[in-house]
Amino acid sequence: MSTTTTRDLARPAPAKPSKAGPRRGLRGSGTFNFWLFTGPFLIGLLIFVYVPIGWSIWLSFYEARFTVTPSTFVGFDNYRFMLENDNFIGALGTFTVFAAIIVPTTWALSLGLALLVNRLRFMRAFFRSVFFLPTACSYVAASLIWKMSIFNGVRFGLANTVLGWFGVENIAWLDNPNPPWYWLVILTARLWLQSGFYMILFLAALQNIPGELYEAAAIDGAKPGWQTFRHITLPQLRATSTAVILLLLIAAYQAFDEFFNLLSKTTWGRPPLVELYYTALGDNQDYGAGSAGAVILTLLIVIVTLFQGKIMGFGRGDESK
Amino acid sequence: MTKAAPAGGPRRASRGRGAMGSTGLYVSVGVAALLFLIPFYVLVRNALSTDAEITGEEWRLFPTDIQWGNITAPFEDTMVDFGQSMVNSLIVGVLHTVGTLLVCSLAGYGLARIPYRHANKVFYAVLFTLMVPTAVTFVPGFVMVSSLGWIDSYRGLIIPGLFSGFTCFLFRQYFLGFPKELEEAARVDGLGYWGAYWRVVVPNSLNFFAAIATITFINGWNSFLWPLVIGQDPSAWTVQVALSAYMTNQTVNYHLIFMATAISILPLLLVFLFLQRWLVQGIAQTGIKG
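Residue numbers (my numbering), protein chains in the order written: chain P, 1 to 321; chain R, 1 to 290.
Hints should not be assumed to be uniformly reliable.
Some chain P residues close to chain R (C-beta under 8 Å, calculated; not the full set) [as the list claims (entries may be wrong)]:
| # | residue |
| --- | --- |
| 1 | Leu42 |
| 2 | Val49 |
| 3 | Leu144 |
| 4 | Ala252 |
| 5 | Tyr278 |
| 6 | Gly282 |
| 7 | Gln285 |
| 8 | Phe307 |
Read the hints as simulated data drawn from the structure, not as lab findings. All C-beta atoms, glycine included, are put in the ideal place defined by N, C-alpha and C.
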């Protein structure tokens, strides 16, 4: 191969034995070692990812209530049932609203925090830690704090207490969908939980921007502030921004914990995974319909991911890395 | 507030010396930090108050009489076995972390470094699983685990989560950048792939392992959906499932559930305080979602 010739030219003698050595003995055999290293992982992947997915696809074509070894083939009935099911379609709507709000707000907040922290001279580590700390909390813990205290619907909830100082009546934040106050509760909880995490990503990216760019811009007469932000910082953060938006979208898509805990026992405001949970593991234990729903959701996220990768230009993102 | 910050902040601060700019910067950061700390304040205040004070007419800034006795309350509760759930979470969290690191790092190394004709095909099989969001596979995963008879067991809580295509992928990327010379030197000394891996590669990669371990532990400790599905019996609940049960219970002991929440967060706060360096490094390198 051509690589061998260039290698020999570059490093004549010592490279050869070290390159050829490991390939000879049994211990150095590539095939054996490859399976030795990857075998445990691949077996697990097969049993706990591939087989379940295959099983689930199979189940989705059967009438499978309370059983995972069904015998009644029903064709696409489960898919038809899910796609004509108002709850499931409603869940897709809930996800769309949720993603449309949470993705841009988290992006803006985490970028804003990163820009602020990046400017600090004193107590920088302290402030970074403060914004990062909520990442230590689980969605369940945050839901509890939000539901039981901050957004408690009665008078001793913190939000209602503060509103009470201004003479506003108590608001039942989570009790009914109209007006949809529950969105405020869910969105603030998630913003608090995940912004610090993405701030860290943006901070790392900000520190990788070469200082010369700003110096050059200053020489060219660019005003520091909005101009340099718009024409240097933002373009330099392109790869990170793309990755953050994709991660946020996937995270929003998988939202379960806070909806399940904040809106327990409601029939409204359910995102797809909560709906799926009640379909497959609720009172009906309808594994057929649940599996069909999982297949539909998987197809949707694959399409969205590929589509987003296309428009946001993943190739370019990699290049600038 | 935060929208205005990126536009206003940099301009002022980059002029730098102006006392005004720097004051504005610190005021906005300070306000944001206070807002971020409110939930922690509420948590600590409620955990150390009596129920009468929590539900009282007036908002008390802090309990007049700090109730240290609340610390034992969750462990004495008869409705939810909080102590057991903490033990479960610790065992699951630690084994989940150790297992994931072991299995995924080996596979990542194999994919990155060991020549094999079909290595690419195997890699694509791993990449494919990244397209399927793990959370969506809980229905098929449950089907599989229940037919193995692993419901309500540590096996069911831990093993299915070990085979993370994403963690494997991260290890592969990392090992691709690992200096080849070190391994070659080890093999000149007569070590095979296995020996070189354990004696040279792993000891020189401890930073990366620590970073991945920290993030894996946090994710394991905080995960809710899978433990909820697997832990049908209260004895198999993790701490997150126990907290969730508090919210749906008929009777609500405010001081108890806030104390329980505080205790459940404590291990991770310790992780944050002592391992923050690796955590930040890990996140910056990988961008794993928690």
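Self-check item: Hints not upheld, ascending by number
Solution: 4, 5, 6, 7 and 8
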